[in-house]
Structure formats: structure tokens, C-alpha cells
Amino acid sequence: MPIDVPTLRKAFPTLARELDGQRLVYLDSAASSQTPVAVLDAMDHYYRWSRSNVHRGVYTLAEEATDLYETARTDLARFVDADPRGVVFTKNATEACNLMAYAWVRRNLGPGDVLLTTVMEHHANLVPFQYAAGDLGFEVRHVPITSDGLLDMDAAANLVADGRVRFVAVAHVSNVLGTINDVRGIAQLARAAREDAVVHVDGTQAVPQLPVSFRELGVDAYALTGHKMLGPTGIGALVVRPELLETMQPFLAGGEMIRDVTLDSVTWNEIPHRFEAGTPMIAEAAGLSAAIRFLEELGMDAVRAHEEQLTGRLLEALTSIDGVTVHGPTDLTVRGGAVSFEVAGVHPHDVGAMLSSKGVCVRVGHHCTKPLMRCLGVNATARASAYLYNDTDDLPPLVEGIEAARAFFAR
Amino acid sequence: MSMEDLYQEIILDHYRKPQHRAPVLEGESVHVHHSNPLCGDEMDLRVRVVDGQVDGIVFDGEGCSISQASASAMTVAVAGRELDDALALTEDFRRMMHGDEPSRPDDLQDGIAFQGVARFPVRVKCALLGWMALRDAIETYERGASAHTVEHDDDRPPSG
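Chains as they are written, first to last, in this note's numbering: chain H, 1 to 411; chain E, 412 to 571.
Because the hints were derived from the structure by calculation, they are not lab data. Hints are not guaranteed to be accurate.
Derived DSBU-like pairs: lysine-lysine, alpha-carbon spacing no greater than 35 Å straight-line [stated by the list, open to error]:
no.	chain 1	residue 1	chain 2	residue 2
1	H	LYS10	H	LYS91
2	H	LYS358	E	LYS428
3	E	LYS428	H	LYS10
Pulled out of the complex, with its shape left as it was, chain E reads as follows (with noise of 0.2 Å):
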């Protein structure tokens, strides 16, 4: 394989100089937190809730560089929009990664960059970790609940 397909210059900028991450939310609505068993990985996401939009999204967490830059494209793509909007986002991303066309590739802005990580199946987990964190803390949020932990893979298609 060539290291170029995997990461490509928009990955590392993100890995290198990630968007959003911190570790608190002023306000915060829904925290989760979602670990991958298969490489340790571990991921915080936060969310402030605001007219039923994302108004506010960090991520904090431990991992390779797919996982990481994954979850700040992630959070630069869906703030500021509805919940359910976000939602439908994550679907479109999950099942790029599992190899289908994107019907919504503007709107996954720099998550399109991670198209060629669906070829490489050990590390679509990793791309999937922030994006999985995402939906949950969405689903959360929505049963009335503030915060989720996730200790096991959680690429599943969405409930409901």
C-alpha cells in the first residue's frame, strides 16, 4: 500500500492542527465517551444543544492519526447544523467508509478525504471513532440524557 492513499495531506493538516478539540464545553449539553477495544483509542465529545442545532462541539482523546483528524473534519462539518441533519450526515460518512459513493460529499467538507480509508478495513474503525461518538451523543441528548459511554465497537447501522 502506499502511504499517500491511506493519509492524504487534508488527514494530516487535521492531525497536525486539529479543529475544535478541547477538553470542556462552556454550556455543555451531552458529553460521551466512546473507547475502540482493538487499539485503545479513546474519544471525548462534547455538545451544546441550541434550537435543536449543534451549537458547540469539541472532541478530546487518545489515538492514531486517522481517528484524530477523522474527528475534527467531523466536528467542522456538522456544526451549526439540526440534529437530525447531523445525523443523516453520519450515515452518508459511515457508509463511505463502508465503501458506498457519498450523496452528500460538500457537506462532509473535509470528511470526503477519508474515502480511501474504506481500503484499508483495520482502520475504518479508526476513521468511524469521532463520527460514532457524534451519533450517540445525539441519540443521548435525545432520550433526555447527558452523558453516554461506549466501550465497544459501535459501527451499527443507526436505530430506528
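Same shape as in the complex, but just chain H (with noise of 0.2 Å):
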């Protein structure tokens, strides 16, 4: 059934906000999504209603907050059809990217291995395997992109041909080009040239518009964050084959992840629990609960029409506008809602500025991939993200925004 987006902007209080008495225009969801009220409320409820820590208690309160935390990891593992047993919750998916970095990149690889990324990833999907090619040696080596923005995958053969390629970080879609990346086919090519292969995937932008099936994707590990997807803040998940996670070790050490302990020794808790040390976000996995049943009811498959039709949409507004270029595909069924642009003559913050004085909310800036800026050839790009509950009303504000930032600093 289509999004009745009218109807839906009611269950999200930010959006009845008036700025200056304008109309609040949010179109950065690729930055955080807003916050249904069903989110707010299951925190709530968990905070007044079911106060008490995880995996421990014998009381009625302890277990329903165990109930409610260990129902978000079933929730998740159902919405990205994965076994639950290889959900492990982490505060975002950097701390996701990290824990596989820690947990198994930097206890395998060495010199004469290779790390396989790509040139369009986020800060978060490259720092951290850059910082342990660092300190152990291994080599990193960058898929390149075309032209129009996707992947050279002809390129990716090449660098994978020499059998050395042992770890393949890659985003599922691009926080600033939009891009959707043929990830399965990108693990396919890394397990022709060297079997055992461990591919992870950055998922932080598909969860949120992508119907996400982890085992159809054939990858190995799949990072993703609440935030994005209507959740709360502080809270994502690292999503793992659970036979690979068997056998990695841990990352943080502390309580709640341990079986036993002696003064000399220990031995660690089954999976996933080992990976998530100290008491973990309660509320924030109720919150990402009722978002991923929020997100269920109006169906993943719903939520991809929506976008791509309202990308397509966004795309003609913005290559309508005199003087703006658009990065990234122009072909709908490889792109989500991220896209981003440049105003000829105009910077981004004071695109930026503009739209925000007429309401509109766009990000500027580099989005964390200072790499993929470099392969641009800009410093900086606007960037404007719809989600499902904006619609074609929200283009004109955005529009008429550009044209005035185009009036006002045209030199």
C-alpha cells in the first residue's frame, strides 16, 4: 500500500514545528531520521514502567526489561533476516565497524594481507581498518568509482585477482551519492579470488530504505545504526554469520560478558552476549523495537517505492535549477535518498544558510568522506535526503531556497 505521507507526518512531532512560521522541511534522514511518537513511547514506557537492568534480576521488573531488550534483538534479526544469535547491539555502527576491526581484522590480518575498500566510504567504514593497517602492516587497497557514480567493478576484479584480498569493507549505499551497491556481487568476486574472504558491509543507509535480507546479501558481517531508521540515538548493531562470531574474541571486556571469572582467568559469555560488555542501552532497544515495527507495518517494500519515486522527483527539481550539478547515479533503481549537489558559485554553507532560513534543513559539508570528496574534486557538497515522510511539498521550499542562495552570493 503507498505511504499516505499527510496521515504519517502526524506521528512525528518535530514535523509540526514552525520555524520563524515557516513550515519545518526536513530533508536530512541520511544524517538521523525524526522520531515516530510509538519510539518515544516505548522508552517511556520502559523508564517508568519496567526501570531495571538486563540478566539479572529474578524480579518481575528485571525480567520484563530483559524481555524488552532481547525482543529488540528478534525484531532486528527478523527485519534483516538474520539469525538473532549473530545480533550484536553496539551504540552505533561506527562502534559496529570497530568491533569488527578490533574482533577480527586486527587478530587475522598481517603483512602480506590485504584489506579491500572502497573510495566512497564513510569515515567510519575506513578509519578504523586504516588505523589497524597501521599498526599491523597489512595493505589497503580502494575500489575506485565510475563516472556516474557507482562502483568499477572490473577495477574491484583487478585488485582482488592477486588472492591476497583477505577483509572487504564496503557500503551497501553511499551517504552522499546515493549508490547502491552491488555488495553481493562484490563478495561473490572476493570469495572467487580467495575463499575464506570475510566481507563486511556497512549498512548504515540501506536498513533505513532498503528491504535487507543478511542472508540473501551472502556477506559476512553487516554494520547498521537505530538512528537512521526512526530509533533513538545510541544505539546500532554489528549483525554476524554466527559461526564467524563464535570464533572471534572480544572487544570490550567487562561484566555481562563473561561465563566465569576467576582472580587469574576467564572465560567468556556464548555469542552474542561476549560482545556486549556492562549494562546495554535498555530503553534504546524498546526505542528500536517500535521503530522496526513502525517501519513493518508500512512495509520495507512500501518505503523503497516511496523514496525512489520522491528521489526521482528530487533529482528533476534539483537538475531543474540553473547552475546546479548533482552527484551520483541518475538511475533510480541503483540510488537511494541521498543526493547531493553543488550550486555553481555558490558554497555550501551558504546554500546551506539560505535554506535554513526558509525552514529547509540540508547537511553541508564533506559527510565524513573526505576521500571521496578528493575523488569529486570539491571541498564540500550540500546534501538533501527525503524519507518516508516527506513528499513532493517538501520540493518547492528546497528549490525556491536554491534559487534565492543563487540571487543573494551569485558574484
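Both chains are given apart, each in its own frame, so use the hints to dock them into the complex.
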């Protein structure tokens, strides 16, 4: 069923705000989405009704809290079609990528090995591995992009050909170009060259907008975050094949993640708890559950269809403005909702300031992708990203704001 | 926010018709390169020092209107000044960006138009880019060096 945006918007308190008498136009969901009341209620309910710690108390409140937390795990596993034993909660996707870097890459790669990543990665899926490479002396290779913003798969095939690539880190969807990468294809390439290559995907931008099946993608690990998929900040996850997770050593040590401790030794808890040291984010887990149910009720196919259609209109609107250049693919079947653009003669900060004065929220800057900015030959871009609560009513204020910026700043 | 609060006409004038904007300076004594990692802005500042004074100054770079206009206004305000005086004026501007009343509004000349930028915290670094480059250029010169590159946020109290 298509999404009824005007009705849906009523579930999001922030979207009812006015700024200086103007309707708020929120086009920055690729940075963080808005939060529906159902998510706020779920978190509030935990604090007002079941406030206690998880996994230890034998009393009712503790059982309820544990149930909320573990239900979030099974909800997320269902949502991305994965085994709940492989779902590790983290504070965000960055921590999920670091978990993979510390618990696998740093324990397995060394001189002579190669880690393959791409030039379009968010710093979260690049820096943890670059850092490890500096410490351990393995090589990092980068898949370039084509002129239309797709990963260059021929180059990728060459980069894995010598059979030395043991780990691949790739984004499912680019936060700047919007490109939906063929991660299944990359995984197949890597494994054809080396059977035991481990493929790690940054799914931060994919999970909010696309139906994702971890099993069908056939990858080993998948990082995601709650706050871009209607959930609260402070919770993300690393989804790992349980067989691989079983072989991994803990990243953070302490309470919760142990089975037995003596003064001299420790045995680890079973997966996934082995990777969740300390008291977890219980309210946030409850909020994430509510966000997942909200998305499931709409249906991710409907969310994707809405996104694809609206992104098409957004691209049309932007390219119709004199002096505006859009980065990334124009083929809607291989792109998500983030659209980066430049306005000739106007710096992105000035575009953002003008849009802000008209109640329009867009992101400006390097989007934590400095290597990609260098590839594109720019210092920064402006980025508009639509989500399920946006519709075509949000496009005219964007267009008018950009045109006003052109008129105001043009030299 | 209102666009007019941030972008005064004087600022736009400097942005559209920058003063002392050039890629080279004849007889250059010192050259510094500053970048703002937050937004990727770049600033090259070249100063010619004669008899302890700013005898010549040019900037070049890429950035938002606030950063470019502020650098332009800075070059006008400090041209011909003694180095110590230029440093003192820089500190006056820096403190103004943190909400203090400037003690030398007349000497800041068009720089005073940037006072309102202090209310937009994310843009303060833009307005400071050229001034912080100037301070670094003078400090570099006084150390006896002729070039310096700074790739981080240089909004700190003055050294010494």
C-alpha cells in the first residue's frame, strides 16, 4: 500500500514545528531521521514501568527489562533476515565497524595480507581499518568509482585477483552519492579470488530505506544504526554470521560478557553476549523495537517505492535549477534517497544558511567522506535526503531556497 | 534566523569584490596555508614585512562567503600596521567572535560587520580563518621561518 504521507507525518512531533512562521522541511534523514511517537512511548514506558537492569534480577521488573532488550534483538534479526545469535548491539554503526576491526581484522591480518575497501566509504568504515593497517602492516586497497558514481567492478576484480584480499569493507548504500552497491557481487568476486575472504558491509544508509536480507546478501558482517531508521540515538548493531562470530574474540571486556571469572582467568559468555560488555542501552533497544515495528507496518517495499519515486522528483527538481550539478547515479534503481549537489558560485555553507532561513534542513560539508570529496574534486557538497515522511510538498521550498542562494550570493 | 543578521551588506561586498586577493605577492616574507577541516575551506595568506610593518598582504583560497569576506576585510584592516599592533587587533577580532565587545571597533574597519557571526557558532570558524592565518603568519615570521601549514582548528588564545 502506498504511504499516506500527510497522515504519517502526524506521528512525528518535530515535523509539526514551525521556524520563524515557516513550515519545517526536514531533508536531512541520511544524517538522522525523525522519531515517531511510538518510539518515544516505548522508551518512556521502560523508564516509567519496567526500569531495572537486564540479565540478572529474578524479579518482575528485571524480567520485563530483559524481555524488552532480547525482543529488540529478535525484532532486528527478523527485520534484516538474520540469526538473532549473530546480532550484537553497539552504540552506533561506527562502534559496529570498530568491533569488526578489533575483534576480527586486528587478530587475523598482518604483513602480506590485503584489506579491500572503496573510495566512497564513510570514515566509520574506513578509518578503523586504516588505523589497524598502520599498526599491523597489512595493505589497504581501494575500489574506485566510475563517472556515474558506481563502484568500478572491473577494477575491483583486478584488485582481488592476486588472492591476497582477506577482508572487504564496503558500504551498502553511499551516504553521499546515494549509490546502492552490488555488495553481493563484491562478495562473490572476493570469494572467487579467495574462498575465506571475510566481507563486512556498512549498511547504515541501506537498512532505513531498503528491504535488507542479510542471508541473501551472503556477506559475513553487516553494521547498522538505529537513529537513521526512526529509532533513538545510542543504539546500533553488528550482524554477523553466527559461525564467524563464534570464532571472534571480545572487543570490550567486563561485566555481562563473561561465563566465569577467577582472579586469574576468565571464560567468555556465549555469542552474542560475549560482545556486549556492561549494562546495555535498554530504553534504546525498546525504542529500536518500536521503530522496526513501525517500519514493518508500512512495509519496507512500500518505503522503498516511496523513496524511489520521491528521489526521482527530487533529482528532477534539482537538475531543473540553473547552475545546479548533482553527484551520483541518475538511474533510480541503483540509488537511495541521499542527493548531493553543488550550486555554481555558491559555497555549500552559504546554500545551507539560505535554506535554513527558509526552514529547510539539509546537510552541508564533507559528510565524513573526505577521500570521496577529493575524488569528486570538491571540498564540500550540500545534500538533501528525503525519507518516508517527505513528499513533493517539500520540494518547492528547497528549489526556492537554492534559487534565492544563487541570487543572493552570485558574484 | 534571518539572512540579514548573518550576511550584512558589507560582508557581501567583500565577498563579491574581495580586496587583496591574489595568488602571489612580490617580495613575500612569509606564506601560511590554513585549512578548516570541518568544511574543507582553504586559505593561503602571504605577507611582506618591511621595517616591522605589514607592507603587503594578499590572500587566496576557497571557502564560504563568510570566510572569504572576513579575510578580505582583515587584509584592509591590518595593511600598514606594526606587526604587534596587527596581532593585538587579531585578538580583538577573535574575542569579538566569542561574544566580547571589540575594544577597537574603528580599527577593525569592515571587520566590525562580522560581529553578528558570533551568534552563529558553526560559522565563527569561517570568520576566523583569515585572522588566524594572519596571526600564524606573524608568529612564523617572528620565529625566523618563511612558511607554515596548519591543518587544524587554530582558534586558540594567543601564545606567550
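Okay, the hints, checked on the actual structure:
1. LYS10(H) / LYS91(H): Holds, at roughly 28 Å.
2. LYS358(H) / LYS428(E): holds (27 Å)
3. LYS428(E) / LYS10(H): Judged against 35 Å, a Cα distance of about 47 Å means the pair is violated.
Comparing the model with each earlier hint shows a violation of hint 3 alone; every other hint is respected.
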